[in-house]
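Asks: Could you build the full structure based on these sequences and the hints that come with them?
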Amino acid sequence: MPEQLIFGMEVFLNGLMAGVLYALVALGFVLIYKASGIFNYAQGVMALFSAMTLVGMMNGQVPFSHLINAVFGTDIHHFGWHLPAFIGILLTMAIMVLLAWLVQKIIFKHLVNQEPIILFMATIGLAYFMEGFGDLMWGGEIKKLDVGIPQGINLWIDEATYNIFNYGFFIDNLDIFATIVAAILVLALVAFSQYTKQGRAMRAVADDHQAALSVGVSLNFIWVMVWSLAGFVALVAGIMWGTKSGVQFSLSLIALKALPVLMLGGFTSIPGAIVGGLIIGVGEKMFEFLVGPMIGGATENWFAYVLALLFLVFRPQGLFGEKIIERV
Amino acid sequence: MKFKLLAAAASSIAMATPVLADLVLPWMSYRTGPYAVAGIPLADGYADYLTLLNERDGGIGGVPVRLLECETGYNTEKGVECYESTKAEGSLVYHPLSTGITYQLIPKVTADGIALHSMGYGRTSAANGKIFSNIFNYPANYWTAASAGVNYLLNENSGSLDGKHIALLYHNSAYGKEPIRTLEELSKKHNFELTLIPVDHPGQEQKSQWLQIRRERPDYVIMWGFGVMNQVAIQEAANVRFPMENFIGNWWAGAEHDVIPAGDVADGYKSLVMNDTGSDFDIYADIQKYVVDAGKAAGAGDNLGTVMYNRSLYMAFLTHMAIVKAQEISGTADISQADMIKGMEALDITDALMAEHGLANVGPAFSVSCENHGGPGLGAVSQWDASAGKWKLVSGYLEADMDLINPLIQADSQAFAKENNIAERCN
Amino acid sequence: MLYREAGDFKTTYKEDNQTFPIKFDRYRYYFVLIVAFLIIPFWINDYWANAIFLPFLIYSIAAIGLNILVGYCGQVSLGTGGFMAVGAYAMYKLMTAFPDVSVMIHVLLAGVITACVGVLFGLPSLRIKGFYLAVATLAAQFFLVWIFNRVPWFYNYSASGQINAPERTFFGVPVTGANAESWATYLFCLIILTVCGIVARNLTRGSIGRKWMAIRDMDIAAEIIGVNPLSAKLSAFAISSFFIGISGALFFGVYLGAVEVGEAFGINKSFLVLFMIIIGGLGSIFGSFAGAAFLVLLPVLLKNLFVAGLGWQPDLATHLEFMIVGGLIILFLVVEPHGIAQLWRLAKEKLRLWPFPY
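Residue numbers (our numbering), protein chains in the order written: chain A, 1 to 328; chain B, 1001 to 1427; chain C, 2001 to 2358.
Quick caveat, the hints were computed from the structure, so don't treat them as lab data. All C-beta atoms, glycine included, are put in the ideal place defined by N, C-alpha and C. Careful: at least some of the hints might be erroneous.
Said to hold, decoys possible - What follows is a list of derived Cβ distance ranges for each label pair: (1) B/E1216 / C/L2331: 53 to 61 angstroms; (2) B/N1191 / C/V2173: 53 to 61 angstroms; (3) B/N1157 / A/H78: 44 to 52 angstroms; (4) A/H78 / B/R1241: 31 to 39 angstroms; (5) C/T2096 / B/C1426: 26 to 34 angstroms; (6) A/L91 / B/D1264: 24 to 32 angstroms.
Replies: Have a look at this one:
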């Protein structure tokens, strides 16, 4: 087999894996948009905040230590304990639920029925606030996140493909793990929304708020639930990306990677997020591999958006999104 | 709202007239933002050195030193605001710590008559003191770094890189593009193949780039990165099993926070340095006694001895020596901004001087002159020992290929002079 | 009582159609102009110019531009940073290629070039709507930033890729470069802003403004009554990009003097200008000014308060600044979702009847 083709296959597989990681971030957006029509710009910052909280919990950091030390002149930094990852995740989840409840109570309850752009703006304000709050609470230095996920090249695949193609494919263990987790997450979410009472209530709210209210669905409860779910998805995304590159400010920028996925898959579809993620992941990596060297490289940033744009021209609501029915 | 601002402005203007003589040193820090992880130890080192001077010696020449820290978050507009708000206080020298802010400030400090020291970063051609009267970048800059790196590789390969393949993994910004021209010239001269691999900001995702490196199997990878790009690159290099000892980062890609997140797999990673690091310097005893134990440390005190902390200690030391020289030349302890420039131009750092101030062998001995604001352009290579958790120098201070670099500096500075109608000085 | 309309009769169509029909409004406008043109230049210094006035003036122009696109025509765009970059690089190439032409012409030409680019990237709006369009304009943002980084012709083949504004004069007074005095740069930007403001106000009051608003409110109905969506949307993109290009050219040439495209014109810039118009008020020229003032002054004020006033450490102050800005944005939106302009309108309504309650 020609070498380029083998390289191409390797890039293709890696593209699929990258796409899964993007889709993981996009899922949070989809959940919130589906249920409340809010485009949650703060999703990236939520991923960062949840990752920082997890690391802080696991390492026994004192929250707000910098502020406390500055105001009271003390010098405390750590409680001294180390929590195992599982308990850390549970505690962080509890904090994310609390955050969801607060966000709903303080912000979005007062903004019901406003235009989408106002709601979007509110999430931007939330993003700013949480960024400052997260830094204040846990500090801005980089932290290492280790919940026990395997990293590094998958030796089994390396050997197997070496025997077949005479060139060992590089697939990262972390990516494989992330793919499995994402698959489980999507299946769980789809099952939840199709087969449970609360899931059906969520879909009812997504369809029409007034109608859902009239059949007795508590809007507040559904919204808090949706934000908590989005928080959980953000935590998972934060763990995956944080393990790859450390927990620090740049983690919030992964939201930018998820936006083309949303465009392509449609803002309101969970399977769309996955399919969109795969298409974007593969498209971006293959373009970089094939065309990148000719035009100087580093095309990944903009090509994802251009690809999504091309899809949108033919299907303006994304591949799986709800068709926008306009009435005059 | 406006009234409060007026009051604040009025009070700061009133405060600008100095009641007591003091030496004002501004510091543009980035303790927040995408590069905070490097910015925090950099800010701590400079601040701690100046605190030490005030506590131990009562200042420089008897005049206390006043540090004005201004947070820029590596943002150019905030850098402008910081500059404008601190220059009226009589700031002696600016360390912008960001190539973007440096380019911004170069014409401004020249018009305002203040010195700017961009140690090992910023506009490389500012080494030409004939054109850039106020800008200094001693003891080394990016072009000499690239050349010193290539010279190190030449030494490793018995003087010949013929037929070898070197890849440059660079941050896709002005900073990352700096060494490209030099490396292209060097590749022609020494006949090695050069591949340029850009990484988009912030560099969180480098899978494609490292797959490319894995396919093409270059002999060496040189990295010009900053921030999260470094950690991810080292992790990915370990993942694709690229031999760490053939992976050399520049001096902003070789700090503890870059290698520790990857753990043991980062063992053997190399980095270019312009100054030595570690906690073995004698000055640390003084810092411990006068600064940390007295509770005046700038940060949490956990950065002492790290690469970035030592780098800014070195910056502070060079500033200190320049002020001493300026005081000598002008005859007064309360020097002016013009005196500072003269002091920096007459700077002569000897081994004895470094030892006297507790920083023996922190860097090479060198001197600055009117024509040469860039110092000798020496760089060394240090290697990370993951088990010991320390960086160790694995080479001496290597010279750069100045025959190749000087014409490039001349060309770039002449272009700047032409664009801005600057006449040559030092004649 | 103050805002009297009684006794204010119009006798010509011209008087009836003027922008500020109420005398109080007119006099207020003249007063602001007098203070801005005749008083501030004598009092301004480097810090005030560079930290407060210049960013305010320049961002106001960008906010007016974006407001035309988003507020009046309803096309959400996140490509502002990229278009400002086009303006800046166009200005740079023109300044270096034609050093003898007046800098004002360069600024206007930079705007025209940006308008052409804006029309090109506005084509997707004919097919895509709402937030999908917003994310599509991000393609423009990232692509433009990439291209200015990649193609060396744009930065005149310099080694680092940064562009520097050479010194240029306007009627003999330097306005770009380091030797430009603060009053000169301030007046230069102020003149351009005043002209832009008048042009924008009259465009939005005229038939093209009404076409834009028709498209924004209900574009299918607008099409039915004869508004051509192609010309309306593309003209909105063109004119909006013209203003944004001018602001980008001034941002580079007069305010910063040297930019690096990734850092200065990144996505943060796009979001910043969007915040300004949302907080200021969509669909309002006054709102553009108000939003720009709010977002330029607030960080400076907070920094002065925390660092200079209370003496806190700069990084704590920055974290708190983020929290306060975010909190204020949310508070603002909860209290008045239509922005500062709506508060202003309400205040004027009350003032027209004052001291009577209704």
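Asks: Does each hint hold? Answer for all of them.
Replies: Hints, one by one, checked against the model:
The supplied range of 53 to 61 angstroms is met by B/E1216 and C/L2331, whose beta-carbon atoms lie about 54 angstroms from each other. Taken as a hint, the range 53 to 61 angstroms holds for the pair B/N1191 and C/V2173, whose Cβ atoms sit roughly 54 angstroms apart. A beta carbon spacing of about 47 angstroms between B/N1157 and A/H78 agrees with the range 44 to 52 angstroms that was offered as a hint. Range check, A/H78 to B/R1241: about 35 angstroms between beta-carbon atoms, so the 31 to 39 angstroms window is met.
Under the hint 26 to 34 angstroms, the C-beta atoms of C/T2096 and B/C1426, about 27 angstroms apart, fit the expected range. Taking the beta carbon of each, A/L91 and B/D1264 are about 29 angstroms apart, inside 24 to 32 angstroms as hinted.
Consistency note: the structure conflicts with none of the earlier hints.
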